[in-house]
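Engineer: Chains as they are written, first to last, in my numbering: chain Z, 993 to 1277; chain D, 21 to 365.
Derived from the structure by calculation, the hints contain no laboratory data.
Idealized CB from N, CA, C, for every residue including glycine.
Some hints could be false.
With a cut-off of at most 20 Å between alpha-carbon atoms, the simulated SDA-like pairs for lysine to any residue come out as follows [as the list claims (entries may be wrong)]:
| id | chain 1 | residue 1 | chain 2 | residue 2 |
| --- | --- | --- | --- | --- |
| 1 | Z | 1165 | D | 131 |
| 2 | Z | 1165 | Z | 1240 |
| 3 | Z | 1165 | D | 301 |
| 4 | Z | 1165 | D | 94 |
| 5 | Z | 1165 | Z | 1102 |
| 6 | Z | 1240 | Z | 1106 |
| 7 | Z | 1240 | Z | 1059 |
| 8 | Z | 1165 | Z | 1062 |
| 9 | Z | 1106 | D | 50 |
| 10 | Z | 1106 | D | 233 |
| 11 | Z | 1165 | D | 164 |
| 12 | Z | 1165 | Z | 1189 |
| 13 | Z | 1165 | D | 77 |
| 14 | Z | 1165 | D | 93 |
| 15 | Z | 1240 | Z | 1109 |
| 16 | Z | 1165 | Z | 1190 |
| 17 | Z | 1165 | D | 96 |
| 18 | Z | 1106 | Z | 1124 |
| 19 | Z | 1106 | D | 96 |
| 20 | Z | 1165 | D | 134 |
| 21 | Z | 1165 | Z | 1181 |
| 22 | Z | 1165 | Z | 1182 |
| 23 | Z | 1165 | Z | 1136 |
| 24 | Z | 1165 | Z | 1111 |
| 25 | Z | 1106 | D | 134 |
| 26 | Z | 1106 | D | 94 |
| 27 | Z | 1240 | Z | 1117 |
| 28 | Z | 1106 | Z | 1156 |
| 29 | Z | 1106 | D | 97 |
| 30 | Z | 1106 | D | 133 |
| 31 | Z | 1165 | D | 252 |
| 32 | Z | 1106 | D | 114 |
| 33 | Z | 1240 | Z | 1102 |
| 34 | Z | 1106 | Z | 1162 |
| 35 | Z | 1165 | Z | 1143 |
In silico negatives: residues of chain D with every beta carbon more than 12 Å from chain Z [unchecked claim]:
| id | residue |
| --- | --- |
| 36 | 120 |
| 37 | 123 |
| 38 | 126 |
| 39 | 149 |
| 40 | 189 |
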Amino acid sequence: MTGSRAEGLWAQAWRRLRRRPAALVALATLGLIALLALLVPLLSPFDFATPDWDALRQRPSGEHWFGTDALGRDLLVRIMWGCRISLLVGLAASLISVLIGVLWGATAGYVGGKTDSLLMRTVDVLYSVPFIPLVIVLTVLFGRSFLLVFVAIGAVSWLDVARIVRGQTLSLKNREFIEAARALGVGNATMIRRHLLPNLLGIVIIYATLTVPAVIIFEAFLSFLGLGVHAPLASLGTLVADGAHHLKSDPHLLTIPALFLTLIIVSFGYLGDGLRDALDPHEAR
Amino acid sequence: MNASRNPTSPSHACEPEALLTVRGLRVSYRGDQGPLHVVDGVDLDLAAGDYLGIVGESGSGKTQLLLALLGLNAGARFEGSIRYRGEELVGASEATLRRLRGARIGMIFQDPMTALNPYLSIGTQLIEGVRRHRGLGRAAALARALEMLDAVHITEPRRRLRQHPHELSGGMRQRVVIAMAMICEPDIILADEPTTALDVTVQAQILSLLHELRARTRVAVILVSHDLGVIAEMADRVAVMYAGRIVEQADAPTLFTAARHPYTQALRRSIVPLEGPLPSRLPTIGGLPPNVASLPPGCAFAPRCGYVFDRCGLAPPPLVPISAPGLAHGEQHRKACYYEGPIGP
């Protein structure tokens, strides 16, 4: 029965979302970019890694739609690979951080007392761990891997989610309907799942959509330090960083990846805004 | 502590219909200067079909007393005894209390605007209790919910089940809250100022609904209010609370015609008559409601009382039966006051 109710909530949200042009355009943009990122590398005659010494730094043309980079690699294919990686890192790391953060924060806020202190002091301690050296140590221990980027980014960003969710839970806990549910004999697990989490959705969605772009940018930063994706694979972040070196001679190497990065980040912003409204039952249907 | 320690009412122990027996209940919170006793030594008896009203000012402990009956006061310490059908609830496990909450003892909250979860449909909230306590399937529970919505006179119940709280008016939401409290057919309903947040016409409807449901199901009701008018109209028996204690207790007509505690008298005097000329100054009770953190050693009402004499400052007066002639049989009239003389109009 939980399933059918949840479906009701989401079906309703979808109906409301469809009335919001900005959110719909954002959703369509993200869908299109994801689709292109999936298909273009499969269909294109070029691959992202092989240099073509006869076609260095070409302007966009019929053959190379987005031109080529300093090593003659097709920019379209490289950007689509970049989108794949950036979206994947952004979504996966945000999902991990939101999952851990919400469970952690909601438990701390709801249970309170010693459990609260223990959980939140743990967050404080983790906050104080210097992150970059930690990633370097992890890289040395486990080798550079894609998974590591997820883990590393997820491990930091859930701390913020936990704090925000705990604060929200504390204020929700004193609302009368929580007490009313307790007076009905509802136990703790059900209380968190059924009465707290849906009421936390709005703030969590907003935060998640803020996290996705932040994570994408953070991944670019890690890659720039040589800790993220490694050449010849590229993320949008590394493509922008590379392009910046050729700004004067070949501006398209910067502008096109930057355009995609911006599109993705702005779309997430609008989508999050629309989702928050759509998930709020007080909104007009 | 148990019932046998209380000398005033040994007879209740063998009364077959005693649903709820409270003896020497004390609820305290940790304060900066020692414990705060928000409920201090309360005795109550409730039988099936009883309608008990509890009046008192804000902070008199009436809501805390209700919450204590379900063990819902967060972070409080309980002393004394609460027996539901002989089962001790003070110190009972959370699982035991959870089994009773909603199933045997239902609660109606003050503000229907906040007592419903804004994210869940009316149907989902209504059936939460029956599914939990009765183990009904969703379809059976929804059928029961429809019945209940009908019983609280909500129009178009089928449509309401799918609606969310914000789509209903305040009066309708309070009906839903009542339906939620009644859906498991509890023995006792605790109503915490159920009409305070509603406008006057809706208030009357909700009160008559409570009356009707009680007549039909013989559920015992404890109605808490600061509104003497509401209590007078509804309750059979009334307990007046002041600073965590019951200061006077009697059947409703007696309390409103022959109050013997100066505080009850003052409360009664501060009701403004609806007819006739308004007094130039509305009658009030002088002074401020007491702070339980700094109560006087004697009677808590003494600083505001017009009949105070030296004995009042020594120790809090116990709640004892009044031996007045011509008292109606059955319910005893009790007061916690040393003053025995006549009190004003």
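Engineer: Taken at face value, is the distance from the CA of residue 93 (chain D) to the CA of residue 1165 (chain Z) at most 20 Å?
Structural biologist: Distance ~13 Å between residue 1165 (chain Z) and residue 93 (chain D) Cα, so the pair holds.
Engineer: Quickly compare the C-alpha distance for residue 1106 (chain Z) and residue 1156 (chain Z) to 20 Å and report which way the hint goes.
Structural biologist: holds, 19 Å
Engineer: Within a Cα-Cα threshold of 20 Å, do residue 1106 (chain Z) and residue 114 (chain D) meet the stated pairing?
Structural biologist: Cα-Cα ~18 Å, so holds.
Engineer: Would you mind confirming whether the straight-line C-alpha gap from residue 1240 (chain Z) to residue 1117 (chain Z) stays at or under 20 Å?
Structural biologist: Cα-Cα ~46 Å, so violated.
Engineer: Do the alpha carbons of residue 1165 (chain Z) and residue 1190 (chain Z) lie within 20 Å of each other, as the hint requires?
Structural biologist: Answer holds: residue 1165 (chain Z) to residue 1190 (chain Z) is near 13 Å, not above 20 Å.
Engineer: Within a Cα-Cα threshold of 20 Å, do residue 1240 (chain Z) and residue 1102 (chain Z) meet the stated pairing?
Structural biologist: Since the Cα atoms of residue 1240 (chain Z) and residue 1102 (chain Z) sit roughly 56 Å apart, the hinted pair is violated (cutoff 20 Å).
Engineer: Do the alpha carbons of residue 1165 (chain Z) and residue 77 (chain D) lie within 20 Å of each other, as the hint requires?
Structural biologist: violated, 26 Å
Engineer: When you check the alpha-carbon spacing of residue 1165 (chain Z) and residue 1182 (chain Z), does it fall within 20 Å?
Structural biologist: With a Cα-Cα distance of about 14 Å, the restraint between residue 1165 (chain Z) and residue 1182 (chain Z) holds, given a limit of 20 Å.
Engineer: Is it true that the CA of residue 1165 (chain Z) sits at most 20 Å from the CA of residue 1102 (chain Z)?
Structural biologist: holds, 7 Å
Engineer: Taking the shortest Cβ-to-Cβ distance between residue 123 (chain D) and chain Z, state whether it exceeds 12 Å.
Structural biologist: violated, 6 Å
Engineer: Is residue 1106 (chain Z) close enough to residue 50 (chain D), meaning Cα to Cα at most 20 Å?
Structural biologist: holds, 17 Å
Engineer: Going straight from one Cα to the other, do residue 1165 (chain Z) and residue 94 (chain D) come out at no more than 20 Å?
Structural biologist: Holds, at about 11 Å.
Going down the numbered hints, you'll see the structure goes against 2, 3, 6, 8, 10, 11, 13, 15, 18, 23, 25, 27, 30, 31, 33, 35, 36, 37, 38 and 39, while the others check out.
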